[in-house]
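J.: Could you slot chain R onto chain G? The hints should help.
So the chains spell out like this:
2 protein chains.
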Amino acid sequence: MKVIVIGGVAAGPKAASRINRLCAEAEVTIIEKGELLSYAGCGLPYYISGQVKDSKELMSTPVGTVRDSAFFKNVKNANVLNHTEATAIHRKQKTVTVKNRAGETQDLPYDKLVLATGAESAVPPIPGVELGNIYNLKDLHDADAIKATLAEHKAVNAVIVGGGLIGVEVAEAFHEMGCRISIVEFLPQILGMMDPEMAVLVEKHFEAKGVKILTSTRVTEFAGNGRVEKVITDQGELPADLVLLATGVRPAAKLAQDAGLEIGPTRAIAVTDRMQTSDPDIYAVGDCAEKKNMITGKAAYVPLGSTANKEGRVAANAICGVEDSFPGILGSAICKVFEYSVARTGLSEKEARDAGYDVVTCLAPAPDKPHFMPGARLLFFKLIADRTTRKLLGAQATGPGGADRRIDIAAMALTAGMTVDQLANADLVYAPPFSPAVDNIITAANILRNKIEGRMDGITPGEVLTMLERREDFTLLDVRSPAEREQMRIDGTVDIPLGALRGRLDEIDRSKPVVAFCKISLRGYEAALILKKAGFSDVKVMDGGILMWPGKLIKG
Amino acid sequence: MKVIVIGGVAAGPKAASRINRLCAEAEVTIIEKGELLSYAGCGLPYYISGQVKDSKELMSTPVGTVRDSAFFKNVKNANVLNHTEATAIHRKQKTVTVKNRAGETQDLPYDKLVLATGAESAVPPIPGVELGNIYNLKDLHDADAIKATLAEHKAVNAVIVGGGLIGVEVAEAFHEMGCRISIVEFLPQILGMMDPEMAVLVEKHFEAKGVKILTSTRVTEFAGNGRVEKVITDQGELPADLVLLATGVRPAAKLAQDAGLEIGPTRAIAVTDRMQTSDPDIYAVGDCAEKKNMITGKAAYVPLGSTANKEGRVAANAICGVEDSFPGILGSAICKVFEYSVARTGLSEKEARDAGYDVVTCLAPAPDKPHFMPGARLLFFKLIADRTTRKLLGAQATGPGGADRRIDIAAMALTAGMTVDQLANADLVYAPPFSPAVDNIITAANILRNKIEGRMDGITPGEVLTMLERREDFTLLDVRSPAEREQMRIDGTVDIPLGALRGRLDEIDRSKPVVAFCKISLRGYEAALILKKAGFSDVKVMDGGILMWPGKLIKG
Numbered sequence: 001m002k003v004i005v006i007g008g009v010a011a012g013p014k015a016a017s018r019i020n021r022l023c024a025e026a027e028v029t030i031i032e033k034g035e036l037l038s039y040a041g042c043g044l045p046y047y048i049s050g051q052v053k054d055s056k057e058l059m060s061t062p063v064g065t066v067r068d069s070a071f072f073k074n075v076k077n078a079n080v081l082n083h084t085e086a087t088a089i090h091r092k093q094k095t096v097t098v099k100n101r102a103g104e105t106q107d108l109p110y111d112k113l114v115l116a117t118g119a120e121s122a123v124p125p126i127p128g129v130e131l132g133n134i135y136n137l138k139d140l141h142d143a144d145a146i147k148a149t150l151a152e153h154k155a156v157n158a159v160i161v162g163g164g165l166i167g168v169e170v171a172e173a174f175h176e177m178g179c180r181i182s183i184v185e186f187l188p189q190i191l192g193m194m195d196p197e198m199a200v201l202v203e204k205h206f207e208a209k210g211v212k213i214l215t216s217t218r219v220t221e222f223a224g225n226g227r228v229e230k231v232i233t234d235q236g237e238l239p240a241d242l243v244l245l246a247t248g249v250r251p252a253a254k255l256a257q258d259a260g261l262e263i264g265p266t267r268a269i270a271v272t273d274r275m276q277t278s279d280p281d282i283y284a285v286g287d288c289a290e291k292k293n294m295i296t297g298k299a300a301y302v303p304l305g306s307t308a309n310k311e312g313r314v315a316a317n318a319i320c321g322v323e324d325s326f327p328g329i330l331g332s333a334i335c336k337v338f339e340y341s342v343a344r345t346g347l348s349e350k351e352a353r354d355a356g357y358d359v360v361t362c363l364a365p366a367p368d369k370p371h372f373m374p375g376a377r378l379l380f381f382k383l384i385a386d387r388t389t390r391k392l393l394g395a396q397a398t399g400p401g402g403a404d405r406r407i408d409i410a411a412m413a414l415t416a417g418m419t420v421d422q423l424a425n426a427d428l429v430y431a432p433p434f435s436p437a438v439d440n441i442i443t444a445a446n447i448l449r450n451k452i453e454g455r456m457d458g459i460t461p462g463e464v465l466t467m468l469e470r471r472e473d474f475t476l477l478d479v480r481s482p483a484e485r486e487q488m489r490i491d492g493t494v495d496i497p498l499g500a501l502r503g504r505l506d507e508i509d510r511s512k513p514v515v516a517f518c519k520i521s522l523r524g525y526e527a528a529l530i531l532k533k534a535g536f537s538d539v540k541v542m543d544g545g546i547l548m549w550p551g552k553l554i555k556g
Numbered sequence: 001m002k003v004i005v006i007g008g009v010a011a012g013p014k015a016a017s018r019i020n021r022l023c024a025e026a027e028v029t030i031i032e033k034g035e036l037l038s039y040a041g042c043g044l045p046y047y048i049s050g051q052v053k054d055s056k057e058l059m060s061t062p063v064g065t066v067r068d069s070a071f072f073k074n075v076k077n078a079n080v081l082n083h084t085e086a087t088a089i090h091r092k093q094k095t096v097t098v099k100n101r102a103g104e105t106q107d108l109p110y111d112k113l114v115l116a117t118g119a120e121s122a123v124p125p126i127p128g129v130e131l132g133n134i135y136n137l138k139d140l141h142d143a144d145a146i147k148a149t150l151a152e153h154k155a156v157n158a159v160i161v162g163g164g165l166i167g168v169e170v171a172e173a174f175h176e177m178g179c180r181i182s183i184v185e186f187l188p189q190i191l192g193m194m195d196p197e198m199a200v201l202v203e204k205h206f207e208a209k210g211v212k213i214l215t216s217t218r219v220t221e222f223a224g225n226g227r228v229e230k231v232i233t234d235q236g237e238l239p240a241d242l243v244l245l246a247t248g249v250r251p252a253a254k255l256a257q258d259a260g261l262e263i264g265p266t267r268a269i270a271v272t273d274r275m276q277t278s279d280p281d282i283y284a285v286g287d288c289a290e291k292k293n294m295i296t297g298k299a300a301y302v303p304l305g306s307t308a309n310k311e312g313r314v315a316a317n318a319i320c321g322v323e324d325s326f327p328g329i330l331g332s333a334i335c336k337v338f339e340y341s342v343a344r345t346g347l348s349e350k351e352a353r354d355a356g357y358d359v360v361t362c363l364a365p366a367p368d369k370p371h372f373m374p375g376a377r378l379l380f381f382k383l384i385a386d387r388t389t390r391k392l393l394g395a396q397a398t399g400p401g402g403a404d405r406r407i408d409i410a411a412m413a414l415t416a417g418m419t420v421d422q423l424a425n426a427d428l429v430y431a432p433p434f435s436p437a438v439d440n441i442i443t444a445a446n447i448l449r450n451k452i453e454g455r456m457d458g459i460t461p462g463e464v465l466t467m468l469e470r471r472e473d474f475t476l477l478d479v480r481s482p483a484e485r486e487q488m489r490i491d492g493t494v495d496i497p498l499g500a501l502r503g504r505l506d507e508i509d510r511s512k513p514v515v516a517f518c519k520i521s522l523r524g525y526e527a528a529l530i531l532k533k534a535g536f537s538d539v540k541v542m543d544g545g546i547l548m549w550p551g552k553l554i555k556g
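Read top to bottom, the protein sequences are chains G and R. Under this note's numbering, think of the first position of the first sequence as 1, with each following residue one higher. Under this note's numbering, think of the first position of the second sequence as 1, with each following residue one higher.
Same shape as in the complex, but just chain G (with noise of 0.2 Å):
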């Protein structure tokens, strides 16, 4: 059996390598592009960083062995044709046109193709992007290339157009390496995988460490002479040594689609739960590859490392007879912005709600270890579910506290198709160094339950803003205690410590519609509570408390 692998980076290698472990007949071939097999593009970033010291770290394997043509050949006992590039397929004869370095031609026969070509960036059409210092990071030449930039310029301003993953995670080693940086994002927000009030805190965490963030931001041209010296916005221009294109990538599907494969709504390689295209004897795996949403059953694409292994891994069986499938996926994601991580798996609450689910909601900002433990760091948590059957349908997380954890938790359970109340009774681990006794996860799915069963009414912090700017008459109830008004409060607010608000209702309009918080809004909770024994009518807690206000805040 023939087995050719259009592709050597993750899932490529990844497939190549199992066939050969499961098929002792099979004869392997690895067609790849670039001269580089095997390594770990999404540790980039940190390579630019300096955090990653040398760039064959990222193709070696842990006990730093290159891992190179010959070592696919003696290990994996696969052929490795690199500089080498795929420039047709034919279905009906099965057989490749591959050019070299060289420009030679030939065909070379398959009996099972595999495509893992990857994704490609995006360059947007923007008048002055062929100017010098502008790059993409797709590769290590363009990590290099950077770096080179990075070295040559002192104080450099490093414009980063697009707040995706690629971008924040860039940003960061921008930071490390000294520069000056701004964040042009088209859309109102940056991380567009995270709900609007999730962002804004990874927005202003970027903001306290002096990253400029320009959202709802066009550019409109690069200017220079030869490179690129500034950006020219819609909103402004902004001086630049360097611009990092980060405006997202696309399934590089060209070769797929002129061989007449089924391509998928996302544009990416239609697949089966096989990784099977619309030929039989032709498999896609990873970034190429079409992913399935395994909440809602449509097509996605969230390219990812993780997800190419596992393909790569289902298509080997798949070609060797070894039964198996995909599931798919959950959009399941994590970056690291400075001391916060930012991880959402699911549905966010816009997907959930546009694809058609009666949608509730909560906000759980809380310690991520007992308040007493000197390592406990906060985190902001949110949770989304289905009303009717009290199904799980997403989770986002962002802080200084451990959110690839929680999210992971919420994967298991969305992967399972758990309630929220199997989720509150989840056996997590427990003990001071490492969480709450009652986990952030499980306190989130008690609100949910909460609200679900009409105990809470809650309203969302940006609610409140609106309400405040549009002057209604409402009362905003404070039951935190004036120590920590002190530190910071909201202006306009009625105030009464939970502890005093049984002896002190008087002092609240009945007539009113009254809205509780606090810190966290545990004890706003409490407060809505006490307020509805009392007979008022109109109360609502305000979710995730004075933590979570997006409005201003007075402090002192």
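By construction, these hints were calculated from the structure, which means they are not laboratory data. It should be emphasised that the depicted structure is a prediction, and the values quoted were computed from it without experimental measurement. Be a bit skeptical, because a hint or two may be false.
Here are the computed lysine-lysine pairs in the BS3-like style, where the Cα-Cα straight-line distance is at most 27 Å [unchecked claim]:
hint: 1; chain 1: R; residue 1: Lys2; chain 2: G; residue 2: Lys532
hint: 2; chain 1: R; residue 1: Lys292; chain 2: G; residue 2: Lys73
hint: 3; chain 1: R; residue 1: Lys2; chain 2: G; residue 2: Lys391
hint: 4; chain 1: R; residue 1: Lys512; chain 2: R; residue 2: Lys540
hint: 5; chain 1: R; residue 1: Lys73; chain 2: G; residue 2: Lys533
T.: Structure of chain R alone, referenced to chain G:
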């Protein structure tokens, strides 16, 4: 509705607060033997070590309000009788006899009664156990007494009797305080919750920190003049200025037993999944109540604050007519031992075998992030599954890497009854600062799939060590590089690096069984496949590689 809650530490106050929130008409009274309410007993080791500076922090809300009687009255609308002991339950009359500090007794009527009487330390009947400076760690008074003893002595010789969770947590606290520490454990390993090959890694870490571990050692006497001076064991004597008895806890179920309530096989109070005892008006929650293991369906006793909180909520819901049930526990547990985390969930290998499963296990040591990231730390990981159903049964992890996250992922998989295949395809969050592209738990799940499908015959390092000790005739094949062997190696191996193996097959005796390994046995697995392809018939892979070798290592 009159509700009496006996016990004011964790599950009791939780139930009381929730009842107050759910039922406007409930009149809730908390009876507490001691002075203190709702304090974080799990935080005591960190109070001893000084990480928690002020004991008030252990009994405060996150914003610093001390949870005293006034707090419970004003905020939670619950009456508190502290320094008051419940001495008898009269089920026919529905009253509880209580006795206050002055010795006055009265009978309090109840409609519903919640028992949250907790656990008590098991004090072993060892001669001399009544000597001074021998402590339990059941409450803040003990912690204060221990702190006073530590302050009084210089270079304290501390002996901890019992190597369970509390023993190891306090060992670290004593180390922080500059003590010379011995842990004396009657069983052949510390941390009985872990399988032996995992526990031994923790023992080695303790020893590297200078903590003496004496397993299979029985204390026969505490000797001293007024206060303890030495601990006499069946293996010799230990000098001792301070002894901590950490020989386990048992449910405080006497009050329930005297009232004729059903006691379960674990000697805890038998309860339904709504936390109801054999008397439908009496509930039991927290450390005095029996648990159910979710996997086996059998009675279990794992007293933890995390479970107590969930049970308190479920009992409150039941009392107030809100539908809910507690599904049981997985035996999830975690502790910190210096730089190591130690965590487990589900069944241990032994428990799984005892329960009659067709057990398959794997050991997967690997960095918890891509090896090129500076923050990558080694994590030793073990998965346990059922060969027939392919369902996950348990997971264990230790080492400097992130154990909590992976064990919680496993806990969720266990809750859902997932197979190793579902686990292997889980869409976990991925970015280099957080995890490798193929997460440790996914690698482990894939190893189990390979084993279940007969592609990999594993043998544990312990079994290989026994074979060597018995001088069995087999080839122990080390496929690591010469540079790796320089650092550490096992005596008596045949050494052929994986990359050279295909060309050097002649060097291996085909008539003998072969056991292949590398650092973590990924290359060992590939070597085994190469040998099998080449016609070798008896080839096994040593699980976990040299990193989990329990025997002697030759270094340099």
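J.: Hinted pair, alpha-carbon criterion (27 Å max): lysine 73 (chain R), lysine 533 (chain G). Please report holds or violated.
T.: holds (16 Å)
J.: For the pair supplied as a hint, lysine 2 (chain R) and lysine 391 (chain G), confirm whether the alpha-carbon distance does not exceed 27 Å.
T.: Roughly 35 Å separates the two Cα atoms, so the pair is violated.
J.: Verify the proposed pairing of lysine 512 (chain R) with lysine 540 (chain R), using a straight-line Cα cut of 27 Å.
T.: holds (12 Å)
J.: Run the distance test for lysine 2 (chain R) versus lysine 532 (chain G): straight-line Cα separation, threshold 27 Å.
T.: holds (21 Å)
J.: Is it true that the CA of lysine 292 (chain R) sits at most 27 Å from the CA of lysine 73 (chain G)?
T.: Not OK: lysine 292 (chain R) and lysine 73 (chain G) at ~53 Å, beyond 27 Å, violated.
Hints 2, 3, counting from the list given before, are not met by this structure.
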